[in-house]
Amino acid sequence: MSEEKKWYNFDLGFTKQTAKTGTCGCGKSEGSCGSKQQPKTTIQKEEISEEAFFEAAVDASIGEERHKDGFDQVFEVKMDRRSAFRKLTASLLIGAGAVNTSCSITAGDASKEKAQIDWEEQFKGNYKLMTDDEKEATVNRLMRSYELRTGKNLSMTAENAKENVLFGYAFNISKCQGYMNCVSACVEENNQDRNSQMQYIRIHEMKDGNGFKFNDADDNYYHEVPAEGHFYMGTQCFHCDNPPCVDVCPVQATWREDDGLVVIDYDWCVGCRYCMAACPYDGRRFNWSKPEVPEKEVNKNQHYLGNRVRKKGVMEKCTFCVQRSRKGENPACVDACPTGARIFGNLLDPDSTIRWVLENKKVFRLKEDLGTEPKFWYFMD
Amino acid sequence: MNNSTKIYLLLFLVSLTIISCKKKDEYHSLDERIHAETRTGANGGVNSEILLSDKNLMEITEGHHTFLIPERKGELTSYSCTECHNKPLKQIASSDIKKAHWNIKINHAGSEVMNCATCHNGNDMNNLVSLTGKKIDFNKSYKQCAQCHTVQFEDWKGGAHGKKLAGWAPPRASMTCVNCHNPHEPSFDQRWPVRFNSEKVQERKDGFEFK
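Protein sequences, first through last, are from chains W and A. In this text, residue positions in the first sequence follow the numbering used here: the first is 6, and each later residue adds one. In this text, residue positions in the second sequence follow the numbering used here: the first is 29, and each later residue adds one.
Chain W with its partners taken away, still in its complex shape (with noise of 0.2 angstroms):
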């Protein structure tokens, strides 16, 4: 038995179980289906065992979601093959129904409009093919709308990259305490989930002496800062030049701009996380519930590819804060750091300070043999 098998088995003992109430892949607890019908030779009994071992582990993690009826599975659910596609027919749905409400006598103004918002929201092309004039009607859709679901006004640009600028990031270890002052600010400058206390940046404690070990580093330290025989460094996005995360796409909804910034079209991104698995920084984020900020706490200064609420099941990360960097401003945690251990500029003005860091600080950067070009240097006192 164990020629025929190229691969190594891992058995949690669910092989017995499944013996007994002999549930099969498909689902059913009783016949047709196939796969339970000859259990005589050993072999077939292996797959058997294999399958349940796949069924249990679905069964784990999803449970009782597979039970719940239609409605229940299209609109709380984490996805089976079944609810995706009931899904995607909800998802036809909204078309069909702005298209009733938007030609309906009886809806009214309000209603019709926002109908009409939808319908053409669901339809709107990739952000990155969108003319200057499209990318301004979506931004206006994106505000109407809010304005109509909330009655609270917003403000989003859609400002592109400008000519002559690269940005570039530098980050002093000797300086960094580990106050977390820029966690903090990025969360409120940036509109993440509160719910699952979703952060861009971590701040590593390593202790001194063992170099950059991320596996014993804590990044969820909880007392008086800086630790005695500790240094502190913190990732992110590094907005690399040669950018790993964008080459997996398989929808193009994540590229790299003009002026180095790598950014996501949230409505385009169809949340198959390649992009996570391919980033060798652990620099992007996943929506697996619906991300929500206290309308109070919204921050209502946004770009269309920064920090616009976002929504279940879209990739998200650092954008520098592009909705301040194209205006000048530093990113929120350049601005909140207590000690001057970030600095942020374009890499293209040679007067600027991030290019004095480069050219006279020993800097460097992770994993630099990976040829990502990380736009985010390392540099000490």
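You can take every hint at face value.
Here are some chain W residues pointing at chain A (derived, C-beta under 7 angstroms):
id, residue
1, GLU168
2, VAL230
3, ASN351
4, LEU353
5, ASP354
6, TRP361
7, VAL362
8, ASN365
Hints are computed from structural coordinates only; laboratory data are not their basis. The structure presented is a predicted model; accordingly, all values stated were derived computationally and were not measured. Glycine included, C-beta positions come from ideal geometry on N, C-alpha and C.
Given chain W, put chain A in place with the hints provided.
For chain A alone, kept in the frame of chain W given last:
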């Protein structure tokens, strides 16, 4: 050399030129890209002037660096000092009245190295004094610090030490020493981090859970 060899040679040379021609916007490294695309003074038309408009700044030139720093005298609560210190310190000293600067504690180097008179001149309270007895204007107090902290001074001038006042774009406006450090107790205290991620603890303990 016959004709066909010449043609082949020509073709080979032409194709070599085409292949070796770099595609536009393609560099071997980020460093190469930065140096090829560097444009002095061009920042896409972005500047920090609006961000700095409400600040009272002054321009300084130190070495090769010219930049703005915040004006200091206007920020000092009891400047000018001669409002009270109208006579030299020795003459107004007395033991029976309440001390004016009772709340200032010096925790800066040791008492063998520094005392009040290292920076302040009892005969000229409106200015700081250098180690050799030269006058230093309060607005340029960084010169006082630079006497000992020469390495930090170099880094500060270049922009590796300290913070910008606002924005990355020119004009450059940097905070000066006293905007972050209290000159009487310049080091930072230990304190609690402002954030603790309880979800992360949960996830790492119990594994991820859908919501």
